[in-house]
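Heads up: the protein sequence lines correspond to chains A and B, in order. The numbering used here applies: residue 4 is where the first sequence begins, and numbers increase by one. The numbering used here applies: residue 4 is where the second sequence begins, and numbers increase by one.
In short, the hints are calculated from the structure, not lab data. Because the structure is a prediction, the values reported are computed rather than measured. Heads up, a few of these hints could be off.
Identical copies carry no separate label here, and so any pair may be met within one copy or between two of them.
Said to hold, decoys possible - Mimicking DSS-like on lysine-lysine, the simulated pairs with C-alpha atoms at most 25 Å apart in a straight line are:
hint : residue 1 : residue 2
1    : K27       : K45
2    : K93       : K133
3    : K93       : K27
4    : K114      : K45
5    : K93       : K45
6    : K45       : K133
7    : K27       : K162
8    : K93       : K162
9    : K162      : K45
10   : K27       : K133
2 protein chains.
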Amino acid sequence: MATDLSLIDGALRSWRSSMDRAGKLFRSFTDDELHTEIAPGKNRLIYIWGHLAATNDSMIPLLDFGDRLFPELDTIFLTHPDHAVQHEIKASAMAEMWQRLDELLSAEFTKLSPSGWLEPHQAVSPEDFKNEPHRNRFAILLGRTTHLAHHYGQARLAKR
Amino acid sequence: MATDLSLIDGALRSWRSSMDRAGKLFRSFTDDELHTEIAPGKNRLIYIWGHLAATNDSMIPLLDFGDRLFPELDTIFLTHPDHAVQHEIKASAMAEMWQRLDELLSAEFTKLSPSGWLEPHQAVSPEDFKNEPHRNRFAILLGRTTHLAHHYGQARLAKR
Chain A
4 MATDLSLIDG
14 ALRSWRSSMD
24 RAGKLFRSFT
34 DDELHTEIAP
44 GKNRLIYIWG
54 HLAATNDSMI
64 PLLDFGDRLF
74 PELDTIFLTH
84 PDHAVQHEIK
94 ASAMAEMWQR
104 LDELLSAEFT
114 KLSPSGWLEP
124 HQAVSPEDFK
134 NEPHRNRFAI
144 LLGRTTHLAH
154 HYGQARLAKR
Chain B
4 MATDLSLIDG
14 ALRSWRSSMD
24 RAGKLFRSFT
34 DDELHTEIAP
44 GKNRLIYIWG
54 HLAATNDSMI
64 PLLDFGDRLF
74 PELDTIFLTH
84 PDHAVQHEIK
94 ASAMAEMWQR
104 LDELLSAEFT
114 KLSPSGWLEP
124 HQAVSPEDFK
134 NEPHRNRFAI
144 LLGRTTHLAH
154 HYGQARLAKR
């Protein structure tokens, strides 16, 4: 395998492993458990799961993969803190959204060439990208992988 | 910049950002605060910090960078759970170890060529590496970056 392909393969394996771990953990909770806080006064599990799903959904336009699947998640899980917006999203519905986002992102990831990974993401202007070429798609992949790990680590605390 | 160098640059930026964030957070706690649990019944902050320092120290031989600086951290922070091994390590001493490990690893990282990043790490046998060439140094860098994020996310819960 060429050097650049091997490096991308490594990053995709890291994403895969983080997604699998998070999906497995969140799917293991009941609806009741999802509504408990990870620690006193902290976010509920359902909020963290929704927050990660909304973040994955927002990657679709950011990486120029098309239109978002579930933009309605933002108000509940991204732009407002936990408890601020009432919702009735069940574990089964969240699991299905999670799965669909995973499939869409994974399918798009495999289509990108090494130079495609180094293209600017959609939140950086052409002028800024000239001076900051590291603000590319690959940076989004790596950043979202650590973001997953960050919140997985928190949610893991709720597992007995 | 060549494609492979840009991809490695992205991964090193992700490591840098995770290290900076963790270092800044842990250095912000007093000795007393470091001895509080991140949540009831969970690890203390000092344990998480030491665990991350021990993990960084173990990267030195794993990436073939030489001998470990602080192998004595393992018994306290890696092979035993929190509270199992008594120690008197102060915040100032931990901060100094953290800094020395950061400098050593960063200096070694910059010396590696793209093909060097794809060489096997020291915990995989030549036979296994033939079938699993993804078990390379780059995978260790990415894996340790998500490991940092995982525990940073937990420690962050203790910050008011």
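Hint by hint, here is what the structure shows:
For a Cα distance limit of 25 Å, the shortest separation of K27 from K45 qualifies both inside one copy, at 21 Å, and across copies, at 22 Å. When the C-alpha separation of K93 and K133 is checked against a cutoff of 25 Å, the pair qualifies neither within a copy, at 44 Å, nor between copies, at 45 Å. When the C-alpha separation of K93 and K27 is checked against a cutoff of 25 Å, the pair qualifies only within one copy, where the shortest distance is 16 Å, while the shortest distance between copies is 38 Å. For the identical chains of this complex, K114 and K45 are neighbours neither inside a copy (39 Å) nor across copies (42 Å), given an alpha-carbon limit of 25 Å.
When the C-alpha separation of K93 and K45 is checked against a cutoff of 25 Å, the pair qualifies only within one copy, where the shortest distance is 20 Å, while the shortest distance between copies is 28 Å. Within a single copy, K45 and K133 get their C-alpha atoms no closer than 40 Å, and across copies no closer than 46 Å, so neither meets the 25 Å cut-off. For the identical chains of this complex, K27 and K162 are intra-copy neighbours only, at 12 Å inside a copy versus 28 Å across copies, given an alpha-carbon limit of 25 Å. For a Cα distance limit of 25 Å, the shortest separation of K93 from K162 inside one copy, 19 Å, qualifies, whereas the shortest one across copies, 30 Å, does not.
With identical chains, the CA atoms of K162 and K45 are at most 25 Å apart both within one copy (15 Å) and between copies (11 Å). For the homomeric pair K27 and K133, neither the shortest alpha-carbon distance inside one copy (40 Å) nor that between copies (30 Å) is at most 25 Å.
Going through the hint list in order, the structure does not satisfy hints 2, 4, 6 and 10.
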